[in-house]
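Novice: Letter by letter, the chains look like this.
Protein chains: 4
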Amino acid sequence: MSIRVAIIGPTSYTGLELIRILLRHPRARISYLASARAELPNIADEFPQLTGRCDMTCRPLDPAAIAAESDVAFVCLPHVAAMEHVPRLLEAGIRVIDLSADYRLTDAELYQRVYGHAHTDRMHLGQAVYGLPELFRLHIEDARLVANPGCYPTSVALACAPLLQRGMVGEGTIIANSASGVSGAGRSPKPNLHFPEVNEAYSPYNVGIHRHQPEMEQTLSRIRGREASVLFVPHLLPVTRGILSTVYLEPADDQISEEELFSAFEDAYGDEPFIRLRKRLPDIRDVRDTNFCDLAVRLVKDRIVVFAAIDNLVKGASGQAVQNMNLVYGIDETAGLLF
Amino acid sequence: MSIRVAIIGPTSYTGLELIRILLRHPRARISYLASARAELPNIADEFPQLTGRCDMTCRPLDPAAIAAESDVAFVCLPHVAAMEHVPRLLEAGIRVIDLSADYRLTDAELYQRVYGHAHTDRMHLGQAVYGLPELFRLHIEDARLVANPGCYPTSVALACAPLLQRGMVGEGTIIANSASGVSGAGRSPKPNLHFPEVNEAYSPYNVGIHRHQPEMEQTLSRIRGREASVLFVPHLLPVTRGILSTVYLEPADDQISEEELFSAFEDAYGDEPFIRLRKRLPDIRDVRDTNFCDLAVRLVKDRIVVFAAIDNLVKGASGQAVQNMNLVYGIDETAGLLF
Amino acid sequence: MSIRVAIIGPTSYTGLELIRILLRHPRARISYLASARAELPNIADEFPQLTGRCDMTCRPLDPAAIAAESDVAFVCLPHVAAMEHVPRLLEAGIRVIDLSADYRLTDAELYQRVYGHAHTDRMHLGQAVYGLPELFRLHIEDARLVANPGCYPTSVALACAPLLQRGMVGEGTIIANSASGVSGAGRSPKPNLHFPEVNEAYSPYNVGIHRHQPEMEQTLSRIRGREASVLFVPHLLPVTRGILSTVYLEPADDQISEEELFSAFEDAYGDEPFIRLRKRLPDIRDVRDTNFCDLAVRLVKDRIVVFAAIDNLVKGASGQAVQNMNLVYGIDETAGLLF
Amino acid sequence: MSIRVAIIGPTSYTGLELIRILLRHPRARISYLASARAELPNIADEFPQLTGRCDMTCRPLDPAAIAAESDVAFVCLPHVAAMEHVPRLLEAGIRVIDLSADYRLTDAELYQRVYGHAHTDRMHLGQAVYGLPELFRLHIEDARLVANPGCYPTSVALACAPLLQRGMVGEGTIIANSASGVSGAGRSPKPNLHFPEVNEAYSPYNVGIHRHQPEMEQTLSRIRGREASVLFVPHLLPVTRGILSTVYLEPADDQISEEELFSAFEDAYGDEPFIRLRKRLPDIRDVRDTNFCDLAVRLVKDRIVVFAAIDNLVKGASGQAVQNMNLVYGIDETAGLLF
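Chains as they are written, first to last, in our numbering: chain A, 1 to 339; chain B, 1 to 339; chain C, 1 to 339; chain D, 1 to 339.
Bound conformation, chain A alone (with noise of 0.2 angstroms):
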């Protein structure tokens, strides 16, 4: 039997991508695409590499519907619209994967001071799982509300992990430096993502500001155990996809050698399918159209530079998110996810 799966939103870069993994997944099957616009579009009209492939109608976003003919719903609406539709599908009686930012900070007054709008689904709010498997896998298993993080957040966090973990990481703030592909930002048209605006171009934008700072921030201390400080710098690549993530991290111990932070990583994720520890420096292009992490870690005077590099539509965020669906199904981790 497969898993029955309904997108909701799919008319989005993460709907397209997911539906990519979904046609090649062994044991899940796409029941239902759902959309809340007026005039209901064919999938493949929305997208035309889609065609022959997957030619279904949207239909209305209506959870008992919805429910009817699935077992999980991936929701890749924007914030606040998630958190609208999440309780109705939870209370529909599906599970859900929701791919917005809306169940990822625990805190709803930080929610809200980030977000600029209160939330306004507090109860589900404190059952939903961090779906950052290699970090979390074990909260995942069996969840009813999985939280898909971040694509920024998503890279940092498994660049600093296991050196956190491991008290590796002095008390000053951590920084990361990224650089992401222009898919992360949606796929509506917008003056800044215009193509002669952005062809050619490279530059930060909302320094300090971004709201993935506070969920790197929450899951940073989560791992550490105590208060853990980021500083931010996201930049806009030229490029469809691709997330890299430079972190600058003081080192705890000043004797530390490149060999031993090499291990730490070495002994945190020499069992994930998902994460490629290299020698050489990562590139965007290694992980293209995976849900790979690629990493590196260098001492460099006295800094522990790592690298980090994803593909933000898939480990960054679909990808991930079927990942999650596995785990919650108890079913091979990796399945429709190694191509």
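These are computed hints drawn from the structure, not numbers from a lab.
Just to be clear, a hint being listed does not mean it is correct.
What the hints assert, rightly or not - Partial list, derived from the structure: chain D residues whose beta carbon lies under 8 angstroms from chain C:
hint: 1; residue: V182
hint: 2; residue: S183
hint: 3; residue: P189
hint: 4; residue: K190
hint: 5; residue: P191
hint: 6; residue: H194
hint: 7; residue: P196
hint: 8; residue: V198
hint: 9; residue: N199
hint: 10; residue: E200
hint: 11; residue: Y205
hint: 12; residue: I209
hint: 13; residue: R211
hint: 14; residue: T240
Backbone N, C-alpha and C fix where the C-beta goes; we use that ideal spot for every residue, glycine too.
Dock chains B, C and D against chain A, hints included.
Specialist: Using the frame of chain A, we list chains B, C and D on its own:
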């Protein structure tokens, strides 16, 4: 004394390009930036690359005020909007070089069919001069209203004119297979021009219905002295700037040699400052940021193939507009344009 | 039992693409990576994206050793080198699918004129089957040596075949105006493929002398049953992957309608799993990383215009090679190719 | 009287950029293009964009011949080759502006460690002036030998200098996280700079071992008056031109405000013609083809973050070289550089 230049609609890509060119023009200076926006921007806030080079604030689109401070106005408005303002500027006593499509087609009925809007300024339509200097230089001198040609038509007309003038082209349809960078589509964000949609993409569009096809036919017919039929197939290139047209023509005489074809171009363009007739094949890279049109001609199988490369924003728009201004004022045609 | 597959020359882009496809093929497994290099690389050091997916080390190009472990060999060597090794592989008893140009042209004299090198394996040349399944499927089944078609010729042949088969094309020269991504030129760095030379560039090359022109003419003549003349003008696109061919043909009957043209394509390709006949215009974006050929046809002025988009490394090379393998072994033609 | 300028090694990207700039320089003219190649090319065959603008043929690299026709030579040779020719040019009686790394590091032993080659011209090394006008203008005037700074060091030095001069930076390591376009790696094709390898890619390289790190430390130590330690992490961007450096510094005084930081930059650079201190965040797009350095400063968490954007070929190489020439000859520092 400098020529005092107003730019109407300077927040467009053609507006920006005009500003860049005029900043290095030895005989012209920008006197007025006129915007139809409710909130009048500083041009350097719109285009941060202009900071320290041109920090003028836009002023209202008031013909009298513009005329009080300007000798000539470059109109960078969309079609229909242009023909609303052009008569007022002319009546206020200044010359106009219109970069829109509104005065390019001499036949008002054809304009209506092609642009879906009745022509509202037939009086000036009859007086407008089509500003393609290499073909119609004498008509441009001292013109009061210049219709600056479209980007694609400039490349195709320059590619075909020498052969048509000399009767070297047979009766069949001329095929113009062109490709353009994205800036040709303007500065307004649209779904199909969103970075992730254009990047790593390439496709034809508006096949057989592009508005530049009748403009090409009008020019080629005028040059030939009888009707010329053009099949125009434009493609969108994932670059910011540049047009390359690959034009296929049947020779009138099937004994023609490649050398004779080359000589025809040499005769026609030998003294032209902005035409570079090449033995090697043109590349949009080589004309980027210049007012040059690079041309090459080949005889393959039984067809003449002509290649024409221009920068769509320079020779295809703003550079040609300044070339026209130079001609109108009787100054060195290359002033401000060799850089 | 899986088909055991050797790849000869796996450090090429077509080799990488074969590995990617074979990793998800349900009925094949890679048995041998054979390199002619003195130092035999691990394939994941050459292509870091393969780490954790395929970490095989290349072995010597020894036909007996290859045949001992393999049923079929994909040959990804340059022309001339290919026809040196193909006979040895065939003699060692395995089947060969050759991705080079060495067995595509059936006429050895023509081969010599086009490739500047005498053909040294005329015996097998006579036995080779041209592997374009949509046109020559029956010949491919059970073939011992398949000549995998060139990338450009695949797109042009698929664009023209239905019309030629039905006698719908007039006698004139067929114009194939094509554009390809840079991966089509291979993995060896060259001055004209250096990033800053190709980026933001677009130009024609090898006009009238490209080696794929005779291959196109051979295929189209074979389909039509009498000589077909092709004028082929390739252009280099600043993208990694993708070919779009814009083909201009004269109709045999000038009363033909666009609907009749569309029907001819529907008849010819209605059951083809990898042809997508479209109403909208094709884009290389939509076929990226797929084995699809997207087609559209228009009637403009007095010409038929057919658009064909493929991924040059998939349908234009390695995907088609696997499609051929599937046919040779009588398994589902789409195995491993719908992803 | 014009300054007569020789370019040694004009077939490089920095050579091309010098030609472009000098063509519009009101007070200089190119007198000699000197190449070390056996076959001396016409420069327009090397760079077709120069056709009709500069069609000079290169001549032999003969110091006496060069000096007979030139006042100053720009040396665009690789390191080691540069220090072979610079002494001969100086001895022939002309001034030299060297764009290589050979005269940048004042310590010959450090040079040997960093560049793996003994310094063979210690005499002139001691006389060379480091040509970063905004920081060392007085030393440059009337210099006979100017060592033109590296591209990355220019961006990082300009980002840090005002704060270091005013003692506003703490003792910790300064982190310079930079990204550069591919033209910075030169014009020779290499596997890692092959278009399909760089396109849609982004990765760090030479972490902790880049040769510009000691150059940065030398400059920042000189400005501060005591040692400054820099951790430099460069990344390769899939664009042709542009460097953005994101620099992280610890404030000396943790009560400092962002306004005070901004004021420090205003004080330092208020009169600089090529520094644009911005409120908004810099983008390499905005400095493309200009000699500007765009700067912004932020105070986030407990760190100062400075952003510096330059065009690596202009302010990072040839534009700065011309700026130095202007200073050496006592003419308007911006001559030829505001375009």
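Novice: Now look at each hint and say whether the structure bears it out.
Specialist: Structure-based check of each hint:
{"no.": "1", "hint": "V182", "in the structure": "holds (4 angstroms)"}
{"no.": "2", "hint": "S183", "in the structure": "holds (5 angstroms)"}
{"no.": "3", "hint": "P189", "in the structure": "holds (4 angstroms)"}
{"no.": "4", "hint": "K190", "in the structure": "holds (6 angstroms)"}
{"no.": "5", "hint": "P191", "in the structure": "holds (5 angstroms)"}
{"no.": "6", "hint": "H194", "in the structure": "holds (4 angstroms)"}
{"no.": "7", "hint": "P196", "in the structure": "holds (5 angstroms)"}
{"no.": "8", "hint": "V198", "in the structure": "holds (4 angstroms)"}
{"no.": "9", "hint": "N199", "in the structure": "holds (5 angstroms)"}
{"no.": "10", "hint": "E200", "in the structure": "holds (6 angstroms)"}
{"no.": "11", "hint": "Y205", "in the structure": "violated (14 angstroms)"}
{"no.": "12", "hint": "I209", "in the structure": "violated (20 angstroms)"}
{"no.": "13", "hint": "R211", "in the structure": "violated (21 angstroms)"}
{"no.": "14", "hint": "T240", "in the structure": "holds (5 angstroms)"}
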